[in-house]
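Chemist: Here is what each chain is made of, one letter per residue.
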Amino acid sequence: MRAARDMAAKLLHDPSAVLGLLIILLLVAVAAFAPLIATHPEAVWDMNPRHRLLPPSETYLFGTDRMGADIFSRILFGARITLTIAIVAVGAALVIGVPIGLISGWRGNWLGETLMRISDIFLAVPQIVLAIAISQTLGPSIENVILALSVTYWPWFTRLVHAEVRSLKNETFIEAAIALGVPTWRIVLSHVLPNVMSPIIVRTSIGMGFTILTASALGFLGLGAPPPAPEWGRMISESREFLPEAWWSALAPGLAIFLVVMGFNLLGDGLRDVLDPRIRRGNAGR
Amino acid sequence: MSLAPLLEVETLSRHFAVRHTFGWKMGTLRALDGVSFKVGPGETLGIVGESGCGKTTLGKVLAGIHSPSGGRILFEGTDITGRSVALTRAVAPKLQYCYQDPGNSLDPRWTIRRSLAEPLLVHTALSADDREARIGNILQQVGLPATHLDLYPHELSGGQQRRVGLARILTLQPRLVVLDEPTSGLDVSVQASVLKLLRKLQETFTLTYLFISHDLSVVRTMCDRVAVMYAGRIVELAPTETIFAAAKHPYTLSLLAAIPDIGGRRVTDTFALEGEPPDPVRPPSGCRFRTRCPRAADVCAAIDPPLRQIAPGQSVACVRA
Amino acid sequence: MSSIHGSDVATPGDNLLEVDTLRVSFVTEAGAAKVLDGVNLTIRTGEIMGLVGESGCGKTTLANTILGILAGNARHEMGSIRFGGENLLAMPPSRMEDEVRGSRITFIPQDPYASFNPLFTVGAQTLEVMKWKSPRRAPGEGRGIAGFFSRYPRARRRRDAEAVGQMWRAVQMADPAAVAGKLPHEFSGGQRQRLMIALALLPQPRLVIADEPTTALDVTIQAQILKLLKQLAKSRGISVLFTTHDLGTAYEICDRITVLYAGQEVETAPVDDFFRRPHHPYTVRLLDSLPRPGRELREVGGEIARLIDPPAGCRFHPRCAWATDICRRERPPLTSLAGGHEVRCYHPIVEAAS
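Protein chains in written order, with my numbering: chain A, 50 to 335; chain B, 407 to 727; chain C, -1 to 352.
If you are wondering where the hints come from, they were derived from the structure by calculation, not from laboratory data. Some hints could be false.
To be verified - Residues on chain B that point at chain C, a partial pick, calculated with CB under 8 Å:
id	residue
1	Val594
2	Ser599
3	Arg672
No experiment lies behind these values; they were computed from the predicted model shown. Cβ coordinates follow ideal geometry from the N, Cα and C atoms, glycine included.
Chain A extracted, bound-state conformation:
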């Protein structure tokens, strides 16, 4: 589609968006090729007490942690966990939130209102408290973190889509399609949905960053994957007792989180600049 190509070209002209994109590609590459890049793949899970808390050196790029595992390799493998949590949690929120938003936005009646109130309820739940509750009941694991995150994040998509659909309903071209006899399902899927895709995409990217941050917080609190999983948040938590001497054990995972979240935010901002003004300006230009 020519439109997609034009937008991609425009995105690549924005330096901060490109930076964001590169960071995320790096994250994906790291997660995919972790076994190949890691200097000490076997040391990720093993305990090696003789090498504990060594500072960064040639052998151990980011030093070692309290178990003697190579932090660099742990970071790389941790990227897999981070990426998995982000994709699945946000993906689930998307899959739940968008259809609900479409229905409630299109049908403004009691159904729409009820759905919005339900989403309000979920929106009011504090993520961390819910995560703690779930972990207490079902035990700490990545799956429970994902559950807690998606359950509390889907309302954001719903509200977004609901608002967009409601304003879109008044657009002339939608009314024209109705007058033409186009069936409702077709209008919603082929006219409404593509026109709300832009804010959804932007929100997805920013949501990834937000989710990773929260997941790290949950990991820090010990609610994520149990040790010895190389989850970044947990790594920071474990390094607490050894600060400030073994500074590298907190810095590395902290930097990783920071970098990845920033990457998603930059990309999200870049996408917003590319997606929205183009259509607005185009439609108003006469």
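On the provided structure of chain A, position chains B and C as indicated by the hints.
Modeler: Quick look at chains B and C alone, frame taken from chain A:
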């Protein structure tokens, strides 16, 4: 009319509830209040009136965008009033509604080709090749090159978007097209070309037009008969030249008196109609025009005059005509 | 000589406003849009001058330039606007605001639904204007930051309120006593335009610029408003610059008409002569394209000139059937014909049009 009418409208009404902040009903806005007329195949009927007269509501009710509150619509002899979903799908290809700016009816994210193909996809079972052929033909009829098919609406000029919007309606080869203010807000030079295009399309595709406009001089050039509307009713219905030469209803006469006549008398010297159209929620008793009518008498407050025929082809809703 | 308000005596027929070779461009990302290209215009005391042109011809820009409210990306490249002996374009903005805009030159905008602040009553908004623009206000009174907090002198306020009430009666508002307390949305479009006319006339201006004031109104309301505006302007000796794209409206209200095409004025004439004997090819085509009964619809042909890379010379030449080489190179000079009729064309049409 020798042939059976294509469209028959009988006491068509459309009321809107006027609600308080909390949703309580405060009153009824009688946007359309008992309108009746017939349209023969191939003719152009003009619907003329000022804001609030109900002409836009009439167009949208006929197109199925609003459902009527009362009355009947007969299209090709079939009653299409209660428009169920299935009935809409059957009728839509033959009865089309054209917006004031047809370019606005295009999805900004769709290419022209896709927008033009959509009606065919929904209503016909044509093959891709047949669709392409029909689209190409229509595009040519509205005077646009085939290269435009791959463009997006915002890449076309306003005038070109308008033509595409018109083309989209014609892909289904409708029989009746409701044109809602097709020349409003257009510069004079553009207006002439739009009217010429509409005429040409009417000939090529044997269309019947319902021409809604507030501009009487445009209506005079395009329409065979004219219905003048005021406050939700038709107050006069007659062939075009009769309206301009021998109108009977006082409102029609005022409307005609308000049109500038270049080279002739000055409206600013002669115009006499005071006041504004009535509040559609609380219209005056009896005849709705009586509060402004130069010929109003006591009887006008008591009787709400029906549209009745006073001469062959000419009907007026006035007791003092 | 230049007093703040039109109460001093000026001979009708004098030139009140002279726009001389005005050139204005707008800087856009696509390039410089040369919106006004050496426009000349005169308005005499007590006359209603019509500025006729289609969208994009520059009439709104001209109005904005006279008022001094051009957008930030506008560049005034050449020319002057003389009003009451002074060049408005050379006047410091503070003086423009204090002495000219809204007092000696007032404005009636096109969209009656956008002119009033929906949150405040009409009475409050009108009196606010009177606080600053009343003919009884001393020049410089209450200016500056302190002015924001300054009181409205009570005696003047009373007299101003009386004047407002009288004006509302003069513009034929139904129930003038009840107008002050109402909010704008309680009035129809026609009524709002009457209120705008009142606002434009209360400061006792010398010139009122009316920017397509009846375009958004129904035809019967338009007739009422045109009649009102004409009567009020004539009875008070106020000049009006009336812009419109509707030739019928121009015929109704104007004494003289100037046609603007793509930033160039092409023809000026007294109204009857203008319609009976148009000379410029564009004018002829424009009049021809008006729908007339029993006659084929005629178009002007071609597309309106772009302003970013405009045609050289006479900007109408690409659409003109009579264009020759010189038309493409040099803008035609002014030719004065009989009866105050002026045209800019190398090949004016001289036979009588229909």
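Chemist: Minimum Cβ distance from Ser599 of chain B to chain C below 8 Å?
Modeler: holds (5 Å)
Chemist: With 8 Å as the cut and Cβ atoms as the points, is Val594 of chain B at the interface with chain C?
Modeler: This hint holds: Val594 of chain B lies near chain C, its Cβ roughly 5 Å from the closest one there, short of 8 Å.
Chemist: Holds or violated: is there a CB of chain C closer than 8 Å to the CB of Arg672 of chain B?
Modeler: Status holds, d = 6 Å.
Checked against the numbered hints above, the structure breaks none of them.
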